[in-house]
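Student: Please dock the two separately framed chains into a single complex, following the hints provided.
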Amino acid sequence: MTKDSEQPRPSPGSWVLVVIAWALVGIPLAWGVSKTLQTAVRLFR
Amino acid sequence: MSSGLLSKERIIAGPGFNRWLVPPAALAIHLSIGMAYGLSVFWLPLSHAIGMTAPAPGDWKVSTLGWTFSLGIVFLGLSAAVFGRWLERTGPRKAGVVAAFCWGGGFLVGALGVHLHSIWLLYFGIGIIGGCGLGLGYISPVSTLIRWFPDRRGMATGMAIMGFGGGAMIGSPLANLLMNHYKTATSVGVQETFVTLGAIYFVAMLAGAFGYRLPSPGWQPVGWTPPPAVASGMITARQVHVDQAWRTPQFWLLWTVLCMNVSAGIGVINMASPMLQEVFGGKLIGGVGALRDLADSDKVQVATIGAGFAALLSLFNIAGRIFWASLSDLLGRKRTYFIFFALGTVLYAAAPSAGRAGTIPLFVAIFCVILTMYGGGFATIPAYLADLFGTQHVGAIHGRLLTAWSVAGVLGPVVVNYLRDYQLGRGVPAADAYSTTMYILAALLVVGFWANLMVRPVADRHFMTEAQLAYEQRQAHEAGAAK
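These protein sequence lines map, in sequence, to chains P and X. Each residue of the first sequence is one higher than the one before, starting from 1 at the first, in this note's numbering. Each residue of the second sequence is one higher than the one before, starting from 1 at the first, in this note's numbering.
Extracted from the complex, chain X is given alone in its bound form (with noise of 0.2 Å):
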C-alpha cells in the first residue's frame, strides 16, 4: 500500500462532496474500538479456559484478566497524546489505517496468547497494541468532523464518540454468539473469537479510514457565515499551536473538567448495579429483606434486574452523547458543562435518599440522567477545545486532553472501591457504605464546577502569528490555505 494512497492529499474532498459521509466513517471506527467496554465479556469464559467446566491450577483469575482493559485504557490515553501531533500532519486517513492494524492486529495477538496461555502476551495483544490503537482510532476524526460540521461541532463529534459507548452493545452478543458457536470439549472458543473479531474489526475500520475526507481549504457549508468574532467571546476564529495549548490554564481546566466527569461517572458505573441490589434487596422483586437474607433463588433474580438496570444505563450513556453534545451547540459548551456539574452535584448527593426513601422509580432516573451526563462530558469536549483553541490543532490538543481520561480509569474506581473497604471495615451496613462514596464523587464534581467556572477565553499571546499558521498549514499539507 503506498503512502500516497494514505496521504492528506488524496483526500480532499471534491466539489459537491456530502459532507454526512464522514460521520458514518467515523462511527465504523468508533463502534469498533468502543468494544474495548465489552471486553469482560471474554473474562469469565478465560478463567476456566484450561479446567473448561470450572476453574483449575494454572487458569487466569478474572481480576488478573481485568488488567487487559485497564492497560488498554492507559495506552488509549497515551498514544492520543502521543501521536495527536502526527495525526494532525499525516491526516485522519493514515491515523485510522495504522489504528485498525493496532486493533484488530491486538485481536490476533491477544489470540495467540490464548493459544499459548501468556498472559502477557495477551496484556501486550490487547492492552497495549490495541490500546494503541484505541488511541489513534478515538481521535481520528475529531478535527476532521469539526472542520466538516463548523456550524455544528457539538453534534458531529457527538455522533462519532456516540459509537465509542455504542460498540460495546455489538461487540458483547456478537462475542457470544462467536462464542457458542466456536466452543468444544477443549476450547472455550474465545481463541477463535478473538481472530474473528480482529479481522471483521479490522475490515470495518479500514472501510471508515478509506471514508474519511477533508474539506478543501476554506471550505464552508451551503449557506453559512461564520459568526463575526468577538474578542471576549469563548468561540475563537484563531489558532492555538498544540505544544502552546498545554502550557495555557484554560488546558488544564478543562483537563480537570474531564477528569473530574469521568472519575464520577466511572465510579457511579461500577457501583449502580450493586448499589441498586443491595438497597432495595427483596424490594426489587416485590418482596421484603436485604440482599444478605434472600434465598438463593431471589438472588438470581434480583442479579437480572441489575443487570438489567447496567443495560439501561449504557442506553443512556450513550444517548447523552449526541444529546448534550448537540445541545451543546444551541448552549454553548460552558453553559453545558456547567449543567452537568450543578445538576450532576445535586443529583449524586440526592441518589443515597432515593434509596432510603425506597423510591425505586426515583432512584433509577436519577441514575438514568446522572449515565447521559458521563456520555456527554466525552462528546462534549472536542468541540469546547476547537472553540477555545481553534481548529488546526484541536485533534492533538484533544490527544493530550485525553490523558485525564487515563488518570480517571484509576481515580474513579480506587475512590469507590477505597471507600468501600475503608467502611465495611468499620462496620457500616453494606447498603449504607455506598451513600458517603456518593458524597465524595459528588465532591469531584464541585471541583469540575469550579474548574469549568473559572474557563475564559484565551490570551492574545497564545494563539500563533500569521507567519506561524502559515508554516503549520504548510507542514500540515495545507499549502493552498496558507496562500
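Extracted from the complex, chain P is given alone in its bound form (with noise of 0.2 Å):
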C-alpha cells in the first residue's frame, strides 16, 4: 500500500478543472432548482 506520505498533492492548477467541471453540472441544476422555486413560491402566496 502506498504510504501517506508518498501521495503527491493535487497540483494548484487542478483547482481550476475542478471549478469548471462543477460549474458546467452546477449551473444546469441552479437553473433547474431556480425553475422549481418559482413553481414552490405558489404556496406561500
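If you're looking for bench data, these hints aren't it; they were derived computationally from the structure. Each hint can be trusted.
Below are the DSSO-like pairs computed for lysine-lysine, each with C-alpha atoms no more than 27 Å apart in a straight line:
(1) Lys-299/X x Lys-283/X
(2) Lys-35/P x Lys-183/X
(3) Lys-183/X x Lys-61/X
(4) Lys-35/P x Lys-299/X
(5) Lys-299/X x Lys-61/X
Chain X side only, calculated, beta carbon under 8 Å to chain P, not exhaustive:
(6) Pro-15
(7) Ile-170
(8) Ile-305
(9) Phe-309
Reference listing, derived: stretches of chain P covered by chain X, where coverage requires no fewer than 3 residues with Cβ under 8 Å from a Cβ of chain X:
(10) 8–18
(11) 32–44
Where a beta carbon is used, it is the ideal one built from N, C-alpha and C, also for glycine.
Tutor: Structure, rendered in C-alpha cells:
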C-alpha cells in the first residue's frame, strides 16, 4: 500500500479544472432549482 | 471506438490527480438519467398527439403512457442487479458509455415510437432500453466514488445520487421549452424533443463517463489514515464477494430497509399534493369549505398551490440526499437509518393530526422533513453497503440491492391507491381516507426500523480469503493491488 507521505497533493492548476467541471454541472442544476423554486413559491402566496 | 479507450487500465489516475473532479463526472450522468422522474411532462401532450387540441380516437391514455416510467424503474433494478458484476470487472467508464447509448438511444427509439404512433416501441425505447441505461448509469460511479472518498463515503455517493433527484428539475422545464419550440399545427413537438434530449443526454453522459478516473491501488487521501479495524465494528476493512453477499442476512435486512423506506416515500409523494388540497380545501386560499364545494376558479387556485407543494417537496428530496448522506459519515449509517425510521414513523403518524388541526405550516413542514429522509435513504445505502461488505464489489452489491427499489415502485403506489379506493368505496370522506393510508405507511417504516436494528457486522465466514481477493483483483485488472 502506498504510504501517506508518498501521496502527492493535487496541483494548484487542477483546482481550476475542478471549478470548471463543477460549473458545468452546477449551472444547469442551479437553473433547474430556480425553476422549481418559482413553482414552489406559489405555496406561500 | 476501441475497447482499450474504455478499459479500466486507461482510467487509473496519475499522481496528483484531484479527486474532486470525479463527483462532477458522476453528476453529469446522474443529472441526465434523473430525467426518468420528469417523464410525466410528456404524457399530457402525447395523450392528444392525434387530436392535437383534445384526445381523439386512437390517442393514448395518460395511464397507458405512465407504464413507460414503471417499466423504466423495473429495468433499472434488473439491469443494475444483472450487470453490476460486469461493471466491477470492466470499470465505470465502459459502463457509463453503455448507459449513454442506452439512455440517449432509448429516447431516439421512443421518438420513432411517437412518429409511428406505436406504444410498444415507446415502451421498448424509453422503458426497456432506457431503463437499462438508468440501471447502469445509476451504479456506474458508486464504487469509484467510495474508493476516492474513503474518508467521506456518504457525502461522495450522496453528491451523485443527489443528481438523480435533481435531473427532472432540469429536464422537465427544458422539455417544456423544447416542446413549445417544436410545436406546429400537426405536431405536439414530443418526437423532436425526444431526439434533442436524447442527443443532449448522450453527450453529457459520454462526458461524464470519460471524466471517470480510478485511484491507483493502495491510494488514500493525503493526511488520512484508515481507522483501526475493530472486530465488532460496523465498518470492515475486508471484502465480501457479490455472490456471497446476497447469502448474508445483512443483505436482506438492508434490502428490507431500502424497500420499506422507498415504499413509504413513494406512497407519500403520490398523495402529498392531493392530500394537501383535499384536507385543507378552501383554507389554502383564505376561504372555507371542502375542495369539492369550491367554485371552479378556486379549484384552479388550489391546484396551483398543490403544484407548488409538490415542487417544494422535490427540493427537500434532493437536499436530503446530500444532507443525510454527509451526516451519516459523522453519525454512522445504522444511527442515520434509526433516525429515518424512528422520526419517520412519528411524522407519518402525526401528519393526519396536523391536517385535522388545520395547521398548514406544520403539515407542510412534516412532509418536507419526510421527503429529506426519503432522499437520504437512497443516498446513504451505498455507504452502508461499503461499510458492511467492503469496497471491492460494492457497486455490484448495490446493483442487486436496487431490486428493492423495483419492488417498492410497485408496492408504494399499490398500497396508497388500493387503500384509498377501498376506503372511498366504504363511504369514508375523501379528506379522511388519507389518515389510514398514512398509518399503514408508518407501519412499513416500523418494519424497516426493526430490519435496521437487526443489522450486525458480517460473520467472518462470508469474507473472501487473501487468495480469493487476489484472484478477484486480478480479474478486475487490479494486478498491482494483488501483489
